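So the protein lines, in turn, are chains A and B.
Residue numbers are given in our numbering: position 493 of the first sequence equals residue 677, and the series is strictly consecutive.
Residue numbers are given in our numbering: position 87 of the second sequence equals residue 138, and the series is strictly consecutive.
The set of hints was computed from the structure by calculation and includes no laboratory data.
Keep in mind that this is a model prediction, so the values were computed, not measured.
Note that beta-carbon positions come from the ideal geometry of N, C-alpha and C, so glycine has one too.
Check the hints yourself; a few may be wrong.
[Said to hold, decoys possible] Selected chain A positions facing chain B (Cβ under 10 Å, derived; list incomplete): (1) Y346; (2) V434; (3) A457; (4) W504; (5) R639.
[Said to hold, decoys possible] Restricting the straight-line Cα-Cα distance to at most 16 Å, the calculated cross-link-like pairs of lysine to aspartate or glutamate (EDC-like) are: (6) K322(A) to E657(A); (7) K266(A) to E272(B); (8) K624(A) to E645(A); (9) K432(A) to D285(A); (10) K266(A) to D193(B); (11) K218(A) to D205(A).
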Amino acid sequence: MSDDAVKIPGALSGVGGWLDDRFHGARGVRVLMKKVFPDHWSFMLGEIALWSFVILLLTGTYLSLFFVPSTTDIVYHGSYAKLNGIHMSEAYASTLRISFDIRGGLLIRQIHHWAANLFMVAIMAHMLRVFFTGAYRKPREVNWLIGIVLFTLGMLEGLFGYSLPDDQLSGAGLRIFEGVLQGIPIVGTYLAYFLFGGAFPGSAIVPRMYIIHVLLIPGLILALVSAHLFIMFHQKHTQMPMHGNTEKNVVGQPFWPYFMLKGQAWFFFIFGALVVLSTFAQINPVWLYGPYTPLAISSASQPDWYMGLLEGALRIMPAWEINFLGHTLSMSVLIPFALPLGIIFTGAALWPFFEAWATGDKAEHHINDRPRNAPVRTGIGVAAISFYGILWAEGANDVLADKLQIPLYTITWIARVAFFVVPIGAYFVTKRICLGLQRKDAELLTHGVEIGIIRQLPHGEFIEEARPLTNEENAVVASKHIAPALPAPGRLDPNGIPEPAARGPLGWARGVANRAFTETVVPDGHANGHGEHNGHAVADGEHAAITGGDSGDQHG
Amino acid sequence: MSSIIARRRHPAAGYAAIAGGLVLAGALYGALAGGPASAAPGQSSASPANGRSLFIQSCATCHGINAQGTSQAPSLIGAGAAAVDFQMSTGRMPAKEPGAENTRKPVTFSPQQIADIAAWIQSLGGGPTIPDATQVNTSGADTALGEELFSASCAQCHNAGGSGGALTYGKTAPSLVASTPTQIYEAMMTGPEAMPVFGDGTVTPDEKRAIIAYITQTRTEANPGGFSLGRTGTVTEGIVVWLGGLGFLVLIAMWLTARRKDAVVGPGHHAESGDH
Numbered sequence: 185m186s187d188d189a190v191k192i193p194g195a196l197s198g199v200g201g202w203l204d205d206r207f208h209g210a211r212g213v214r215v216l217m218k219k220v221f222p223d224h225w226s227f228m229l230g231e232i233a234l235w236s237f238v239i240l241l242l243t244g245t246y247l248s249l250f251f252v253p254s255t256t257d258i259v260y261h262g263s264y265a266k267l268n269g270i271h272m273s274e275a276y277a278s279t280l281r282i283s284f285d286i287r288g289g290l291l292i293r294q295i296h297h298w299a300a301n302l303f304m305v306a307i308m309a310h311m312l313r314v315f316f317t318g319a320y321r322k323p324r325e326v327n328w329l330i331g332i333v334l335f336t337l338g339m340l341e342g343l344f345g346y347s348l349p350d351d352q353l354s355g356a357g358l359r360i361f362e363g364v365l366q367g368i369p370i371v372g373t374y375l376a377y378f379l380f381g382g383a384f385p386g387s388a389i390v391p392r393m394y395i396i397h398v399l400l401i402p403g404l405i406l407a408l409v410s411a412h413l414f415i416m417f418h419q420k421h422t423q424m425p426m427h428g429n430t431e432k433n434v435v436g437q438p439f440w441p442y443f444m445l446k447g448q449a450w451f452f453f454i455f456g457a458l459v460v461l462s463t464f465a466q467i468n469p470v471w472l473y474g475p476y477t478p479l480a481i482s483s484a485s486q487p488d489w490y491m492g493l494l495e496g497a498l499r500i501m502p503a504w505e506i507n508f509l510g511h512t513l514s515m516s517v518l519i520p521f522a523l524p525l526g527i528i529f530t531g532a533a534l535w536p537f538f539e540a541w542a543t544g545d546k547a548e549h550h551i552n553d554r555p556r557n558a559p560v561r562t563g564i565g566v567a568a569i570s571f572y573g574i575l576w577a578e579g580a581n582d583v584l585a586d587k588l589q590i591p592l593y594t595i596t597w598i599a600r601v602a603f604f605v606v607p608i609g610a611y612f613v614t615k616r617i618c619l620g621l622q623r624k625d626a627e628l629l630t631h632g633v634e635i636g637i638i639r640q641l642p643h644g645e646f647i648e649e650a651r652p653l654t655n656e657e658n659a660v661v662a663s664k665h666i667a668p669a670l671p672a673p674g675r676l677d678p679n680g681i682p683e684p685a686a687r688g689p690l691g692w693a694r695g696v697a698n699r700a701f702t703e704t705v706v707p708d709g710h711a712n713g714h715g716e717h718n719g720h721a722v723a724d725g726e727h728a729a730i731t732g733g734d735s736g737d738q739h740g
Numbered sequence: 052m053s054s055i056i057a058r059r060r061h062p063a064a065g066y067a068a069i070a071g072g073l074v075l076a077g078a079l080y081g082a083l084a085g086g087p088a089s090a091a092p093g094q095s096s097a098s099p100a101n102g103r104s105l106f107i108q109s110c111a112t113c114h115g116i117n118a119q120g121t122s123q124a125p126s127l128i129g130a131g132a133a134a135v136d137f138q139m140s141t142g143r144m145p146a147k148e149p150g151a152e153n154t155r156k157p158v159t160f161s162p163q164q165i166a167d168i169a170a171w172i173q174s175l176g177g178g179p180t181i182p183d184a185t186q187v188n189t190s191g192a193d194t195a196l197g198e199e200l201f202s203a204s205c206a207q208c209h210n211a212g213g214s215g216g217a218l219t220y221g222k223t224a225p226s227l228v229a230s231t232p233t234q235i236y237e238a239m240m241t242g243p244e245a246m247p248v249f250g251d252g253t254v255t256p257d258e259k260r261a262i263i264a265y266i267t268q269t270r271t272e273a274n275p276g277g278f279s280l281g282r283t284g285t286v287t288e289g290i291v292v293w294l295g296g297l298g299f300l301v302l303i304a305m306w307l308t309a310r311r312k313d314a315v316v317g318p319g320h321h322a323e324s325g326d327h
């Protein structure tokens, strides 16, 4: 698509000229417009989060026109006759009013809630994509960290939004939140009293959550999203391993008109999908839950999905409590609150640096890895997914027990065992699958693609015909890049002194990690399957060997 | 026919055959399984003598020949007609098998037979009686009071929407969708399975009517804002947003980013920023 193809209308060019005379931006804008972005469906996931956030701002503004953030007690006389005459807070009454009396109110409320769920889904899917393709590697570590902070902020924002309507489910969630705050050693009770302005539930919490929900956290998210996008723009997007893609170029389409229009289309698709979903699928029917009273609770009280992990951790945990120097350490709350999320978020934040340290890879990476070509990373990622998934499912243990007719405590015990066993198993199984897929790739590289023709040679031997990979296929299959192995721990230099990097427990740990990271399948070098030798591979038997540790000089 | 033969090797043929088979099996099952049996408790004149002989045939194996109870099942002396009517009109009794709990199943006794057995049990030692029509009449009942009572005393097991929930050791609080007003009243009076008794001293007859009115109104009212997703709360919402929301958008993303031939090569990170 050359520049000549874009004809700029006269009026537009006039306005452009007027602006350029005053701001001298034309050159910068032209560079911006011509900036090339690579295309892949998985690169659109983060954009779902971006557009969901825009939709959240729009719908949230509408809701804020009618929502009353107050716990002042009133008697309901609205159009939902079943609750006529009940005492409730103004917050709950105004939520009912939005749902039943404000024009378009229920639709907007449902779009807001579905968009919040989709926002978190998209962030998580985007993070998984970035993790499994290694897109967080140098130079993009900072953007990875910003992403983790954004996910955390999204969880808090969602929690407060869920708690604002002051229905029975909101209050139950808030009660757990208060318990978690109180569970923090020594300062917990003070923190809870400060936040709630006294004993639970009090009258201060709803207006306070409201201002955090509509101003503070959205402002932080907006700032971090801007930084996230700016950094991505500056560093350029990673691209998938494909023919013609190198570490020094970006292959794709220019920002204008291609991505500008595509981004717009994507926004409208997402908005449209959310409107359709909100039209046909009910979300959070607050009128069924009734106004919050601390005396009551409904069965199957669950948080929104992104809090399910914490809920599950709470449900899986035995009721341990320690009394230490007059302070109650409530392990049954403290551990579920801090441990699983701590492992996942801290682990995710440290991972890029750990990987660089363990592999000794200090190079910049702009071409994504295929997950199979980084077996340790992929294995750890799948282990984390299983870890998350077990706690997530356990958070819904009562619903699972009811719907699947499995006794409740059986589910809890399965989850308790699985919590320790499944992630470890998932790591090893995934790593082996990755190495198996690498073996397949090695075979493709040395042997070519079998085309389903078996030929008999004059002396009677049967061979299977194969064709070499096309350039496009070869670019993908041959994209593996494994950093060379570090010196083995304990290796001596010519003077008989252990090398500095390999000394001590840290050096030993690095060596162990490095051996795991560099374990790979290498094609056994003699031919790449192109040309007239096709088909002889059958007789050659095993073609690939798994190597690791100090055999890094073999890497292909 | 020849067109089908011509397409039998089409990539979608296998899926089409499986889908067709599933639809056929579903239709056959639907046609053959038939609808649920309907039974309403009768209030006509009951015969305790007939009830006793029915009891000996169908109940005495576990409850004992004189309803005195055995190691298998409790004594029914003093259980009252309300308990018999609740257990039998919901199909819980006679029990299918020993287990954590007896659940609702198709009723095998006629309303008259149930009334006969109930009358005989009532004659043994009294107990709560089957409520009459005025006791379960919900017209003019205070649904707001019902909401407060339901929320405080029922929702923690039966769920705010009345869709039921899990209890411990394989027991469940059933969904209230199929319960008749009489059955709800009887359940409050007799406390079947794990449910506590809500006698007239705890929940007055008027309050019972309010609760029944709240339950029946909640389950029949329309769902503003679309399908209810089973009224099970955020778990189904989470499944919908992952599969329906993200799943659908990923398909659209694949379409939007379908490969184009005229890709443009731009400068990489090194070429433009120049600081490396």
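Each hint, compared with the structure:
For Y346(A), the shortest C-beta to C-beta distance to chain B is roughly 9 Å, which falls under 10 Å, so the interface hint holds. Satisfaction of the interface hint for V434(A) is found here, the shortest Cβ-Cβ separation to chain B being roughly 4 Å, below the 10 Å cut-off. This hint holds: A457(A) has a C-beta 6 Å from the nearest C-beta of chain B, less than the 10 Å allowed. Annotation: interface hint on W504(A) violated; nearest CB of chain B at approximately 20 Å, more than 10 Å.
With a cut of 10 Å, the hint placing R639(A) at the interface with chain B is violated, because the nearest CB-to-CB distance is about 25 Å. The suggested pairing of K322(A) with E657(A) is violated, with an alpha-carbon distance near 27 Å, which exceeds 16 Å. Using a Cα cut-off of 16 Å, the hinted pair K266(A) and E272(B) holds, with the two alpha carbons roughly 10 Å apart. Our distance criterion of 16 Å between C-alpha atoms is broken by K624(A) and E645(A), whose separation comes to about 25 Å.
Distance hint between K432(A) and D285(A) is unfulfilled; the C-alpha atoms sit about 58 Å from each other, more than 16 Å. At most 16 Å may separate the alpha-carbon atoms for a hinted pair to count; K266(A) and D193(B) meet this at roughly 9 Å. Pair hint K218(A) plus D205(A) does not hold up; C-alpha atoms about 21 Å apart against a cutoff of 16 Å.
In terms of the numbered hints stated before, the structure departs from hints 4, 5, 6, 8, 9, 11, listed from lowest to highest.
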